[in-house]
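Enquirer: Chain by chain, the residues:
Protein chains: 6
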Amino acid sequence: MSVVVQNIERADQSVIDRLAVCGVATVHEAQGRKGLLASYMRPIYTGARLAASAITISAPPGDNWMLHVAIEQIRPGDILLLAPTSPCEDGYFGDLLATSASARGCRGLVIDAGVRDVADLTAMRFPVWSRAVFAQGTVKETLGSVNVPVVCAGAYVRPGDVIVADDDGVCVVLREEAEAVAKKAEARMAAEDDKRKRLAAGELGLDIYDMRGRLAEKGLKYI
Amino acid sequence: MSVVVQNIERADQSVIDRLAVCGVATVHEAQGRKGLLASYMRPIYTGARLAASAITISAPPGDNWMLHVAIEQIRPGDILLLAPTSPCEDGYFGDLLATSASARGCRGLVIDAGVRDVADLTAMRFPVWSRAVFAQGTVKETLGSVNVPVVCAGAYVRPGDVIVADDDGVCVVLREEAEAVAKKAEARMAAEDDKRKRLAAGELGLDIYDMRGRLAEKGLKYI
Amino acid sequence: MSVVVQNIERADQSVIDRLAVCGVATVHEAQGRKGLLASYMRPIYTGARLAASAITISAPPGDNWMLHVAIEQIRPGDILLLAPTSPCEDGYFGDLLATSASARGCRGLVIDAGVRDVADLTAMRFPVWSRAVFAQGTVKETLGSVNVPVVCAGAYVRPGDVIVADDDGVCVVLREEAEAVAKKAEARMAAEDDKRKRLAAGELGLDIYDMRGRLAEKGLKYI
Amino acid sequence: MSVVVQNIERADQSVIDRLAVCGVATVHEAQGRKGLLASYMRPIYTGARLAASAITISAPPGDNWMLHVAIEQIRPGDILLLAPTSPCEDGYFGDLLATSASARGCRGLVIDAGVRDVADLTAMRFPVWSRAVFAQGTVKETLGSVNVPVVCAGAYVRPGDVIVADDDGVCVVLREEAEAVAKKAEARMAAEDDKRKRLAAGELGLDIYDMRGRLAEKGLKYI
Amino acid sequence: MSVVVQNIERADQSVIDRLAVCGVATVHEAQGRKGLLASYMRPIYTGARLAASAITISAPPGDNWMLHVAIEQIRPGDILLLAPTSPCEDGYFGDLLATSASARGCRGLVIDAGVRDVADLTAMRFPVWSRAVFAQGTVKETLGSVNVPVVCAGAYVRPGDVIVADDDGVCVVLREEAEAVAKKAEARMAAEDDKRKRLAAGELGLDIYDMRGRLAEKGLKYI
Amino acid sequence: MSVVVQNIERADQSVIDRLAVCGVATVHEAQGRKGLLASYMRPIYTGARLAASAITISAPPGDNWMLHVAIEQIRPGDILLLAPTSPCEDGYFGDLLATSASARGCRGLVIDAGVRDVADLTAMRFPVWSRAVFAQGTVKETLGSVNVPVVCAGAYVRPGDVIVADDDGVCVVLREEAEAVAKKAEARMAAEDDKRKRLAAGELGLDIYDMRGRLAEKGLKYI
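Chains A, B, C, D, E and F are the protein sequences, given in the same order. Using the working numbering, the letters of the first sequence correspond one by one to residues 1 to 223. Using the working numbering, the letters of the second sequence correspond one by one to residues 1 to 223. Using the working numbering, the letters of the third sequence correspond one by one to residues 1 to 223. Using the working numbering, the letters of the fourth sequence correspond one by one to residues 1 to 223. Using the working numbering, the letters of the fifth sequence correspond one by one to residues 1 to 223. Using the working numbering, the letters of the sixth sequence correspond one by one to residues 1 to 223.
Don't take every hint at face value.
In this list, chains with the same sequence are indistinguishable; a pair is considered to hold if it fits within one copy or across any two.
[Unchecked claim] Within a straight-line C-alpha distance of at most 30 Å, the following computed DSSO-like cross-link-like pairs (lysine-lysine) qualify:
1. K221 with K184
2. K184 with K195
3. K183 with K221
4. K195 with K34
5. K140 with K34
6. K218 with K183
7. K34 with K218
8. K183 with K34
9. K140 with K183
10. K195 with K218
11. K140 with K184
12. K183 with K195
13. K184 with K197
14. K218 with K140
In case anyone wonders, no lab produced these hints; they're calculated from the structure. Everything numeric in this text was worked out from a predicted model, so none of it was measured.
The shape of chain A in the complex, shown without the other chains:
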C-alpha cells in the first residue's frame, strides 16, 4: 500500500540546531556509535554542515514521482531522504526539484541513489549527500510512500528523525533521543577542547588517557 503520512512528529528546532553545531562524528559517538549511513554517501560539494528533520521517501528504482509528492510535505527546516526499494543510482533529483524544495524551506537531500545538475545545485548551495552523481533520467509511473520508516544506506530512518550531515557523511538521531544526544555531544566537544590543547602542546594520548599499563598488561612489547 502506498501512503503519504501528513502529520509527523519532529524534534525541537533548537535541539536540531545544536546537533548541527556538533557535527556527524561527534553526534555518532555521543549516541553510542550508532546511526551512521554507509560511507558511500558523499556530499556533492564540501563545506556543508546541517541538521534537519527527515521527510522520508520510499521510491521504486528509476521512478521519482514520490519526490513531487514529498515536497508538499516539507516544512521549513526539513530535509528530504530517499531510499529506493531496490539498488539504483539513477538521477532522481536535479535543479528544478531543488528549486521547488528550497521554496518550501527544505535544507537539503539525502538520497541512496543518484543526483544530477550538481553544478547548479552547488551554485545554489543546495546540499546533497548521495550514492552517485548520474544524469540518468527517471519516470513517474509507480507509487511509493512518503513519511514511512525506511532503510537508507544501511540505516533505519523514521519520518521526523533528525538527520545530521557534513563532510564526514550522514547520521540519523532518533527524534525522541535528540535532546539527550545533543547534551552528550556538547559535553564531548567541551572535553575534546581540553584534550586538543594538551595534545597540541605535545602531551601524548598514551599519557592523557593513561594507556601504558593496560598495553603492557595485554602484552605489548617494545623492542
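Once you've looked at the hints, dock chains B, C, D, E and F against the given chain A.
Expert: Below, chains B, C, D, E and F without anything else, positioned relative to chain A:
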C-alpha cells in the same frame, strides 16, 4: 586487425557548441534518455563543461601506444575517448600527452581507465573524465585501433559522435542526430525556465504537472 | 605477538625532500613501475604533495589503539601508515589524533581504512590518503604492532621506507633505493622538460619517439 | 548499552513452516515486494530452503563474542542473524559454533559478514547465507547486543521476525504479518500453477495477462 | 521510441551449433579477442554450454514488461538477452517466464540484471547467465524495445548476433562473421589438440612456441 | 629488471602435507591470524584442499608470458601463484597451461586475476583459486619476473612459502615457520575435537570458555 581510420565524419561545429551549452542531463533527456556513460566516469576537477567530436581509441590493458597514434588524428574541437579491451585502471594519460593533445586543439579526454598527473592537468585546465586516478605506468607493445566503434563505460560510441561532458558525467550523441537533439534540448531548457520560476515562487510540481488525479487513481492514500 | 619497534632506519632527509619534488607518477616510473598503492587511496583534499618516512601500523579492524602507540614513535618528517589486519573502513583517525601527530612533527597519514573530521583536517592542512571517509568510531581493546612490515592497499611497506604522495595517489620507495630513485626521477623530469616543449610546439610523439616504423612492422594499417 | 533480550515473540511454527514451502520470491511478492536482504547475501551451498524465527545479533567488526551469547537464546526452529555495526567480512562463524547452534535446534545462519569452515558446514548441511566466505579470525573483546532490531544487508529485522531463505536469497517477514503473508503466498502459488500450465502449452503472457491493448496505448510499435 | 523489430536476420543454424562446440574462450580468441561480456556475468549452474541467436531487449530498471513482448519473437534456437537502460539487479525473470520461453524453443537467457527462482530454473535446466541472483520483483509500466542493438555487460549486441555461453562466461559473434569465426575456432581447436599432447608429455611451451630467444633478447635474466 | 630465480628454498614436504590436512582456517589461526589472501579469491570448484610450495610470478596486466617461463621452474609439489602488476581480471590461464603444469607435477594455481576453460580444469581436477573467471585472452609481449616476492590479493608471498588453500580461501605460511605452524595447527585441531564433542552434547561456549563473568564485568545486561 589494427586500423587507424583517418577520415571520419563529424557533426557541425555550431551544433556541437549548442550541445555544450545544454549540458549532459538536458541532452540525455532530449534524446530519449539514452547515451549516458556509466556513473563511475568522474571529472578530475569540477566546473568543466564541453561538447566535442570523439576520436575513439580501442587499446589493450596497460598499453597506451595508441594514444600517440590517435593524437595525430585530432582536429581542433575533438576529444579523445579511450576504451580498454578489458577492464583496466592504469594511468594511460598524463601531462605530456595532454600537452601534445592540446597543441593539436584537443578539448579533453574521456577514458574508461586511469589518468595521472591530475594536479598538472588541473592547472592546465585540460578536462578529463575517467574511471580512476592512478599513477600506474603503461607500455607501448601491442596495437589497438583508432576511430573504430567502441563500447566505453557502457555506451556505444562511433568516431565523430558528439561527446557532451560536465560535472554530471558524460553523454554521447549520434552525430547524425546532433542537430535534432540540440533543438529538443534547447526547447527543454526554455520550458524549464518557466517552470523554474513557478517552482521558485512556491507552486508545487503536483499542480504544475497536474499529477493529483493520476496519483489518486493509482491508489495513493493520504493519512 | 604485538611489538613496537622503536629504532628504525630512515632514508636521508634531503633525499626524501627530493622525492617529494618529483611526485608520485615520476617516482613510480623511475623505480621501474613498482610500489604504487591501490587507486582507491584518495586524498581528502587536493593539492598536497609530500614525501616522508613511514611509521607503519598493523591494527585490528575497528580498533585504533595502536595509533596512540605509534604517535610516540614519530620523528619530525615521518608519516603514519596504517593497514588493518582485515578489510575495514572505520574512521580510525580524526582531528584530535591529527593534532597530536602534528605536535610530533608528523607530515600526514596514509590509511587503508577510513578517516573522519575531514573538514577539520582540511582546515589544519593535515593531509590524509585513505580508502574511505567514514565517521564510524573505533575501540581500544586489541593490540596490533608498530613499525613492522605491512601490506597497505596492495603494497608492501617496511618501517622507514619512503612514502611519496600527491593528488595521483601514494607510492612507496625502499629506503635503501631512495637515493638512486631520486636521481633517476630527476633525470626523468629533466628529459620530460625538453619533450614537453617540443610537444607543446606541435611535434608528435610518433616522431619524437620514432614510433612509425615499429607500428607499421607490427601491422598497423591507416585507412 | 549492550543487552540480551531473553523473551522474544515468535510467529506460530506452523505458519513459519508454510512460509518455507513458498520460498523467497513468492513470499517477497506476497507481502508487497518488501523485506529482501541485499543480493550479495549468497548461500554457501545450493538447495537449502527454510523459514525460521530470527535471533538477531548486533556485533562489532571483527568480534564474534556475541555469537556465543546468542546461541544460549536459541529455541528449536530459530535462525541466527548477525549484522556487524560497521562493514566487515571477517569469518565470525565456523564449524564449532555450528555444532553448538545445531545442538540447540538452530536451523541456520544469516550473516552480513563472513563465514568459514564452509566445507564442514556443507557436510553438516548447516545452511548459511553470507556476504563472504573468509577464514579471517575474530576476537572476543567488545560487547554487542542480542535480540534487538538490526539492519542486516539493507533490511530491518526485529527479533522473532520470520526469515525465509533459499537459493534466491533471504527475505524477512514481520512476525505479526506472517499468517497473512503465508495465505497470500499460497494463493499466489496456486494461481501460478494454472498459469504455468498455460504457458507450458504455448500460450503467451501477452494474451494470458491481456497486455496487448495497454502496450499499444503506451505507444509500442511493431516494425 | 519503443519498437519491436519482428523480422531479424540470424546466422545459419549449423554454424551456430558449431560455435557451441568450440566454447567461449576459443571463439573469443578466434575472432580476435573481442566480443566478451563482462566477467560478472555468471551462470546460475555449471555445465551449460550453448550458442544461439540473440533476441535483444532494452528494458527500464525494475520493469520486465518487455520480456513478455520479447517471448513472442522467439524462434526455436534463440536466446533472450536483456540490457537494462540503467544499472539494475532486480529479478526480471523467473520460472514462469522460463516456462513460457521454453515452450517457444528458447535456449536460455543472458541478462545484465538479476534472475530469481534459480532452484526451479536449475531443475528445468534452463540456463541463465546474469549479473545477480535476486528475488526483487519488477513492474510492468514502462515500455522498452525488442530487437534493437544494445550494450549488454559491456558488449555491443545486435538482434540475431550469435551468443556463445558456457562456464567461462558469454561472448557475442557478429552474425555475418559467424561462419568465418567457426572455421577459425575449429582450426584453433585442432591445433590445440596437438599442443595438448606435447605439453602432457612434458614438453615446455618455452620450446614448443620457441620463446627462449625472444625472452633473452627482451632482457630476461636467469639467476 | 626481469629475473627468474631458479633455486629457491622450500619447506619440508612432510610438513607441507601436514598443513594441507589442517586447512586454511586452522592454519591461519595457528600462525596468529596472519597470511590470508583477500576473500575475493575463490575456488573454481568446491572440495579441493591442498598445501604446496609457491612458484611466484609477477606479470604485467593482460600478459601471460611469464607463466610459460614459470612452468619450467616447477618441481612436483609446487603451486603457481601469479600477481599482476596492476589490477587485472584477464584469463591468463586455461587448459593448455594446466596440462603443461600438471605434467611438471604442479598442484594448482592461485591467481589474483582471471582464469578460463574452467569446465576443463574442473574435469581435470586442476584446482584454481582466482579473482575472476574470464575468457579474456592475453598477449606475450612484456617481461615480468618469476620467483621474486610479490603481493598477491593483499598478502606478501615469497617464493617457496607454503600456500594452503581450500574452500575457505588461501593462506600463506612463511617457509621457515611451516613446521612450528603445523605443530600449533595440529594442537588446535586436537583441542577442537574435544570442544566439538562437548558443544554437540549441548554444553554452551559461554560455559566451556568461562565467559559469563567477563561479559557481566563489561556490562552486558540480560533483560
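Enquirer: Would you mind marking each hint as holding or not holding in the structure?
Expert: Do the hints match the structure? See the list:
1. K221 with K184: between (36 Å within a copy, 22 Å between copies)
2. K184 with K195: Answer is within; shortest intra-copy Cα gap is 17 Å, inter-copy 44 Å.
3. K183 with K221: Between copies only: 25 Å across chains, 40 Å inside a chain, cut-off 30 Å.
4. K195 with K34: within (24 Å within a copy, 35 Å between copies)
5. K140 with K34: between (35 Å within a copy, 17 Å between copies)
6. K218 with K183: So K218 and K183 pass the 30 Å test across copies only (25 Å; inside, 34 Å).
7. K34 with K218: Answer is both; intra-copy 28 Å and inter-copy 19 Å each pass.
8. K183 with K34: For K183 and K34, only the intra-copy Cα distance (16 Å) is at most 30 Å; the inter-copy one is 37 Å.
9. K140 with K183: between (43 Å within a copy, 24 Å between copies)
10. K195 with K218: Both ways: K195 and K218 sit 25 Å apart in one copy and 26 Å across, limit 30 Å.
11. K140 with K184: Classified as between; 20 Å across copies, 43 Å inside a copy.
12. K183 with K195: within (19 Å within a copy, 44 Å between copies)
13. K184 with K197: The answer is within: 20 Å in one copy meets 30 Å, while 44 Å across copies does not.
14. K218 with K140: Answer is between: at 12 Å across copies they meet the 30 Å cutoff, but 60 Å inside does not.
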